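These protein sequence lines map, in sequence, to chains U and F.
Its first residue numbered 1, the first sequence is counted upward by one per residue in UniProt numbering.
Its first residue numbered 1, the second sequence is counted upward by one per residue in UniProt numbering.
Simulated from the structure, these hints should not be mistaken for laboratory data.
These figures come from a predicted structure and were not determined experimentally.
Since no wrong hints were added, every one of them can be taken at face value.
For identical chains, the list gives no copy identity; a pair is met inside one copy or between any two copies.
Taking lysine to aspartate or glutamate and the DMTMM-like style, the derived pairs with C-alpha atoms no more than 25 Å apart in a straight line are:
| no. | residue 1 | residue 2 |
| --- | --- | --- |
| 1 | 111 | 71 |
| 2 | 111 | 20 |
| 3 | 98 | 64 |
| 4 | 111 | 90 |
| 5 | 102 | 64 |
| 6 | 111 | 100 |
| 7 | 13 | 89 |
| 8 | 102 | 20 |
Residue strings, one per chain:
2 protein chains.
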Amino acid sequence: MNRREELVGHLRKLQAAAPEIEASAVVSLDGLIIASNLPDAVEPDRVSAMSAALLALSMRISGELNRGLLEQVFIRGLDGDILLMAVGEDAVLTVISKREAKLGMVQYYMKRAARDIAKVLF
Amino acid sequence: MNRREELVGHLRKLQAAAPEIEASAVVSLDGLIIASNLPDAVEPDRVSAMSAALLALSMRISGELNRGLLEQVFIRGLDGDILLMAVGEDAVLTVISKREAKLGMVQYYMKRAARDIAKVLF
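Given the sequences, and given the hints that come with them, work out the whole structure.
Shown next as structure tokens:
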């Protein structure tokens with residue numbers, strides 16, 4: 001099993017644990033997809049570009065407003081959530097979930113997945 | 001009591017209910033401070049500029065990834081959180097809190113404050 005397959009395995013495990021998650025991806029800080037588990041309707045390039053842009057701005061804001069090193073970002077829309085969680089210092093785990101997802105549960109499983117992904121990446 | 005004083009009253013009430021909140025402001029979508037309750041160390045212009053930038057990007061991302069109309073944005077750093085909540089369609093309530101803040105509590109009081117603020121604004 002190569003590294004990418006191993007990462008996709010962790011994303012699948014995450015989505016099995018929290019089925020409200022519709023899509024997940026590991027993205028590099030410069031906006032490249034490292035691994036993804038996305039339904040056909042979701043374009044990988046769109047997810048990676050959005051993740052990188054949000055991450056860059058959030059890091060800047062967290063610094064400017066003295067909140068320290070960025071850990072996670074969360075966007076809630078009427079129809080669902082987008083969550084980003086740092087994986088080490090060079091990558092981010094992005095998750096797109098349905099609105100009915102329980103935030104605490106999703107965060108818990110994402111933290112676990114981020115740890116597993118970091119072990120594969122670094 | 002004028003409108004701005006009334007808004008500052010709602011911000012003070014919010015910070016009294018959730019004392020982990022260090023600073024709060026009502027910002028227009030184009031990044032102007034409508035009312036604020038910030039400690040001296042926090043520059044109003046910095047808060048409003050960051051809020052407007054984050055809000056604009058988050059609205060775009062929520063749209064691009066089909067999450068619907070934006071409701072809230074949350075940034076967690078090692079040393080604390082930044083939360084944005086929509087106030088109607090033309091303003092945002094921005095809150096800067098300590099790390100030990102309970103997210104659910106802060107969200108609950110912010111929702112209440114956002115409702116009160118909307119009544120003053122619209």
